[in-house]
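**Q** The primary structure of each chain is shown beneath.
Number of protein chains: 2
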Amino acid sequence: MTGPRPKIVIVGAGFGGLAAARHLAAAPVDITVFDRTNHHLFQPLLYQVATAALAPTDIASPIRSLLSKYPNVEVQLAEIVGVDRVARTVAPRHGAPIPFDYLVLATGSVASWFGHDDWQHHSFGLKTLVQATRIRQNLLAAFERAERATDPADIARLLTFVVVGGGPSGVELAGSIRELADATLRRDFRRIDPPQARILLFEAGPALLAGFPDRLSRYAKARLERMGVEIRTGAAVDSVDASGVVVAGQPIPSANVFWCAGVAATPAATWLGVHPAAHGTVPVQPDCSIPGAPDIFAIGDLSAFPGPGGKPLPGVAPVAEQQGRYVAGVIAARVAGRPPPPPFRYRDRGSLAVIGRAAAVADLPHAKLTGFLAWLMWSGVHLFLLNGLRNRILVYVQWFWAWLTYSRGARVIEGDPFQDTGP
Amino acid sequence: MTGPRPKIVIVGAGFGGLAAARHLAAAPVDITVFDRTNHHLFQPLLYQVATAALAPTDIASPIRSLLSKYPNVEVQLAEIVGVDRVARTVAPRHGAPIPFDYLVLATGSVASWFGHDDWQHHSFGLKTLVQATRIRQNLLAAFERAERATDPADIARLLTFVVVGGGPSGVELAGSIRELADATLRRDFRRIDPPQARILLFEAGPALLAGFPDRLSRYAKARLERMGVEIRTGAAVDSVDASGVVVAGQPIPSANVFWCAGVAATPAATWLGVHPAAHGTVPVQPDCSIPGAPDIFAIGDLSAFPGPGGKPLPGVAPVAEQQGRYVAGVIAARVAGRPPPPPFRYRDRGSLAVIGRAAAVADLPHAKLTGFLAWLMWSGVHLFLLNGLRNRILVYVQWFWAWLTYSRGARVIEGDPFQDTGP
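If you read the protein sequences in the order shown, they are chains A and B. Following our numbering, the numbering of the first sequence begins with 983 at its first residue and continues without gaps. Following our numbering, the numbering of the second sequence begins with 983 at its first residue and continues without gaps.
None of the hints are false.
The list treats identical chains as interchangeable, and a pair is accepted whether it falls inside one copy or across any two copies.
List time: in silico DMTMM-like cross-link candidates among lysine to aspartate or glutamate, alpha-carbon distance up to 20 Å:
id : residue 1 : residue 2
1  : K1350     : D1330
2  : K1051     : D1170
3  : K989      : E1056
4  : K1350     : D1196
Hints in this document: simulated from the structure, not taken from any laboratory.
Just need the whole structure built from these sequences, with the hints factored in.
**A** Have a look at this one:
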């Protein structure tokens, strides 16, 4: 596998890394893809794993099988912990450094508590499969504990679900918990009444779904409120501890605090020794390369690419995917001695956020949709983007079934629901 | 919910406990079902979870939703740790004892190492969802570790899969691992060749599938051997440790020892203070009650019910299910003041074991089938017996898909595959 062919190292097999690998596979290069996990994760549906609507494996595909048909692509299950720009190597946690001719960093982002590291011991992030499974566990166990509790204050605390952050993840999670309590669990308990559960959604900014047009964000708020989600905008969290949250001076006892308020880039800026942009992101050139290192690229959530008006592009899958494809083209051109492609431009096809059963918002270039039509579009787009026909069929069957019956298929608590393990 | 109505306590929501609850739900009684987990587990397909063919949630259904339509049935998620025969109460691990008028013990069995408790630290049992997930984890991680290993002895040890026990579980697991290595993983690695993995099946007795007619057990052996499983009958395990197993004096280095050699009953005999029968089972009367305690019943894997020729009935789902229905009838008759039904008789509708793709054996009252026809029957029966249409559709889709493409949908390693956590 060694020889005169340029060696491409791609770190991270999310939307960006996977697109880069696939679009480089036809070039005369040898590619190694590193990931800490053995699976590519379809993050847009993570909230459905968190709320027991889908199984973790429904939205996770083995990276090896996604790339097995390309003989020049090798997958290595290893965590990369550093980059040596001079020696041109990446360092895995265990074993010898790996040399590269071109490096694509696509390591993504993680949940961030903005420096309040103690808050993360008392609230659940939602960026990884493990975090989603922990939310599912905590959510289902809360109802079980409440069923067995006798002190009304305990029961109220167990049945208060706080979602912090009114972006798409927070909106989707809050809506989905509301439906779980109101419909799925409705008849399953004898002492508590699941529809009595309180779901609170806090957003520090003035509106939900910042970045969406006003009309859509107002629709989302009205719709969630009609479903029974209590929403407070302009409400920053003062503190999070074992008893719950304090918001705008008011303590809210809760055993279930879900943190959707922000993300930070993975620490690749530190590896590279570059001064990070906002939230630890890596500033990049118009061709997605690092200033002063034309053979090293940073894409997706990790990078700060100046978008329209100078604002960095959002950390969403289409940006990562388009950048992955783009840097594949840059590298292929370089290897072939062709002139480089023009600077990267993000083609924004629109944004979607789902609120609940048959309700979503769609902010498209030529239309702003709400309600059932937006929801149909959301379903179709997400099914289409899922990797693999098998997962598409499985997810479709489960959505259709849930839509008919209000039931959810992944209501399994693993381990002891009465042992407080925390996030 | 209290009052003059007799209080029935059912411990365990497996096939037996669930059948008892459902068939008693129409009687004028109040029923409480206890289980340590929140889900009923379809154990016959556990090996498919262990080999990444199905997700854990595909074969697990929430007990609450299975019983939610019966207003007189309450489900409690709690582990029972004792029975007071005099006070007529059961003791949960936490909280006050729970009184009963009638008690149905259906706590099942666990993997048993026959007193070699140290062996269980180096081999994986396959009786619970957690155990199945651990096998999946270990199995998938073994290939990942081998891909990264450099020492040929390490690689050989990682790619040697030892299944101990040639009953249906062992046969099914060995065949399924063989297909995983030969087909599913075939093209996914660059340094190792997954079809080179060795799968060894050891059985201490003279033949595989003891209890099945000779012809079927010979077919199973020949078929597995043709698939490439190395089978040794009459081969008892001398020891199991971190390096592998010793069988008939010969050490076999293996990082993957799967224990399907035996089960033991849960400790209800100790709770009751009765002298246990073989493997800790509870001896019962012809009406499934405990000698001297006509209001306490033991059913399913937990009990030793004398079958044809005095041999205890096998620990299989149909026995548990029929006994559950039967004791429901006994209790309903007692409550209504009707004469008791005649002694329990097991209606043996036959036994099935699956070997691999389109290959199974069926030992039916009037026919002994092998091959594709037996496999069709096995698939049909198992789909039919799964709880809930949703799980049936999901499992069907996944089987059909796997049958077409040889791929498997649950190839997710959670946590660090290079950290040796053991069984």
